[in-house]
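Asks: Spelled out from the first residue to the last, the chains are:
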Amino acid sequence: MGRVNISAENQIERLNLLEARMKKMEQKSLQELIKRPGEKSWSALEAIEHMNMGYIVYEPKIETALKQLSTSDPLTESVRSTAIPSFLIKRFPPQKGKIRFKMKTMRSFQPVLEINTIRETELADYFERFYRSLDKLKEFILAYRQTKVEKVRFNSAIGAIVKFNVAEAVEFILCHNERHCLQAEKALNILEG
Amino acid sequence: MLKYADIINNAFRPLELTPETHLEFYEMWKEIEFGKNEFLTEAGKVEKRFYLVIEGVQVIYILDLKGDKKVIGFSFDGSYSGVYDSYLYQRPSKYFLEALTPSKLIYISLEDYQSLFDRYPEFDRWGRIVHQQLLVGRVDREIEIITLSAKERFDAFMERCPAPLLNIPQKYLASYLNMTPETFSRMRAEK
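Same order as they appear, the protein sequences are chains A and B. The numbering used here numbers the first residue of the first sequence as 1 and each following residue consecutively. The numbering used here numbers the first residue of the second sequence as 1 and each following residue consecutively.
Just so you know, the hints here were simulated from the structure itself, not pulled from any lab data.
With a straight-line cut-off of 30 Å between C-alpha atoms, the simulated DSBU-like cross-links for lysine-lysine are:
{"id": "1", "chain 1": "A", "residue 1": "Lys67", "chain 2": "A", "residue 2": "Lys148"}
{"id": "2", "chain 1": "A", "residue 1": "Lys61", "chain 2": "B", "residue 2": "Lys45"}
{"id": "3", "chain 1": "A", "residue 1": "Lys148", "chain 2": "B", "residue 2": "Lys171"}
{"id": "4", "chain 1": "A", "residue 1": "Lys61", "chain 2": "B", "residue 2": "Lys66"}
{"id": "5", "chain 1": "A", "residue 1": "Lys61", "chain 2": "A", "residue 2": "Lys104"}
{"id": "6", "chain 1": "A", "residue 1": "Lys136", "chain 2": "B", "residue 2": "Lys104"}
{"id": "7", "chain 1": "A", "residue 1": "Lys151", "chain 2": "B", "residue 2": "Lys171"}
{"id": "8", "chain 1": "B", "residue 1": "Lys94", "chain 2": "A", "residue 2": "Lys24"}
{"id": "9", "chain 1": "B", "residue 1": "Lys30", "chain 2": "A", "residue 2": "Lys136"}
{"id": "10", "chain 1": "B", "residue 1": "Lys45", "chain 2": "A", "residue 2": "Lys23"}
{"id": "11", "chain 1": "B", "residue 1": "Lys66", "chain 2": "B", "residue 2": "Lys171"}
{"id": "12", "chain 1": "A", "residue 1": "Lys24", "chain 2": "B", "residue 2": "Lys66"}
{"id": "13", "chain 1": "B", "residue 1": "Lys36", "chain 2": "A", "residue 2": "Lys61"}
{"id": "14", "chain 1": "A", "residue 1": "Lys23", "chain 2": "A", "residue 2": "Lys90"}
{"id": "15", "chain 1": "A", "residue 1": "Lys67", "chain 2": "A", "residue 2": "Lys90"}
{"id": "16", "chain 1": "A", "residue 1": "Lys40", "chain 2": "A", "residue 2": "Lys23"}
{"id": "17", "chain 1": "B", "residue 1": "Lys94", "chain 2": "A", "residue 2": "Lys136"}
{"id": "18", "chain 1": "A", "residue 1": "Lys61", "chain 2": "A", "residue 2": "Lys90"}
{"id": "19", "chain 1": "B", "residue 1": "Lys69", "chain 2": "A", "residue 2": "Lys136"}
{"id": "20", "chain 1": "A", "residue 1": "Lys35", "chain 2": "A", "residue 2": "Lys186"}
{"id": "21", "chain 1": "B", "residue 1": "Lys70", "chain 2": "A", "residue 2": "Lys148"}
{"id": "22", "chain 1": "A", "residue 1": "Lys24", "chain 2": "B", "residue 2": "Lys69"}
{"id": "23", "chain 1": "B", "residue 1": "Lys45", "chain 2": "A", "residue 2": "Lys67"}
Label pairs and their in silico Cβ distance ranges:
{"id": "24", "chain 1": "B", "residue 1": "Glu20", "chain 2": "A", "residue 2": "Glu32", "range": "51 to 61 Å"}
{"id": "25", "chain 1": "B", "residue 1": "Glu159", "chain 2": "A", "residue 2": "Phe87", "range": "41 to 51 Å"}
{"id": "26", "chain 1": "B", "residue 1": "Thr183", "chain 2": "A", "residue 2": "Arg132", "range": "42 to 52 Å"}
{"id": "27", "chain 1": "B", "residue 1": "Arg160", "chain 2": "A", "residue 2": "Ala124", "range": "50 to 60 Å"}
{"id": "28", "chain 1": "A", "residue 1": "Glu77", "chain 2": "B", "residue 2": "Ser109", "range": "26 to 36 Å"}
Quick caveat: nothing in here was measured; it's all calculated off a predicted structure. Every residue, glycine too, gets a C-beta built ideally from N, C-alpha and C.
Let's have the full structure, built from the sequences with the hints guiding it.
Replies: Structural data, given as C-alpha cells:
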C-alpha cells in the first residue's frame, strides 16, 4: 500500500474547489436539497450535515496539536503520510466521478435531520457552517506549513488505532468531503466541477 | 499613489504620464504588503488585482497531478505581477502566486483597469506593446525549453537573470528551467 504524499498547496487548491462546488449547491431550492434520491440514500442536505459533523470532531484536536508545534523555516511543503493514515485516507476520495469502497457510517456521524420540517430560512446555517469549516481548514494548512508537522500526532475519530498529524487530519477531512460532496451533487443531479 | 509615480511611469512606457494629465490614473493604485511565503493568489480563487511590484520577489506556479510545483515565472521590483488570465476573464486561477520574500506592491482593480482604455485612449498603445512583449517572451521561453540542453538553458538564464532572483531558493529557479534542483546546484557550482 503506497503512502500518500500531502502538499499544503494541493490541499488549498482542493479547498477552493470544494467551496466553488458548494456555492453551486447553495443555489438549489429547499425541495431539491432535502430530496432523497432513494429510500436509504441521503439528501444533499444530509450529506452536507454529515460533512459538518465529521469536521467538528477534528477542530479541537487540530487546534491543540498546532499549539504544540513550533514554527520552522523553511516551510513544510510536502508531508509523506505514514502507513495506517495513508490506508484510511486513500479509501475516501472518489475516482473518475465514482464513489469507491462503500462503507457504513458510524452512528455518531449519522446526520439526524427531520428533513420535512426544515424551513427555507434554516438552510443558510448548514452552508455557513460548511464554509466556516473550509476557512478553518485553510487556516490550519497555513499554520502547519510553518512547522515540522510530523512531530505531533493525535487520535483520529475512530480512536487510537489511527493517529494523525495535522496534515494527515486535514487530508482525511478533505478526502471525506470530496466523497460526500460528490454524493450531494449526485442527489441534486448536478455534475462535479 | 504619486509617491510611486516613477515606478508607474516606467511600467507604462512609452506613455508619457504626468500628474497634470493623468492624476486620476495615479489615484487608482493602492498599496499592499505580503509576508514571506504568503499567497497573493491561490489556485481556485479569482484574481482581483493587477500589480506592480515595489519590492520583493514573487513566484507563479501550477501544481502537477502529483502535487509538485511547476514554476511558470517570477515577478520582482518594477515588474508587473498577478494571475493575468484569471484577472481578465474573472475565472478561477490555475496558479498560485506566492511571495518568496517580504513584498510591497501596488495594485489596480479590474474595474479601474478596464476604465483606463475608455478614459485614456493612449492606453491602447501601451496595451498593444505590452501584449506583444508578453507573447514574444512566452514563445522565446517555449523554444528554449524545447530546443536547448539543460546546460544551455542554465547559461542563457544566468546571463539575463535579474539580480533579485539570485537570492531565492534554487529549487524555484531549477523548476523554472525544467531541471532538478541537484542539476541546477551542480551547474551553479561549476560556474
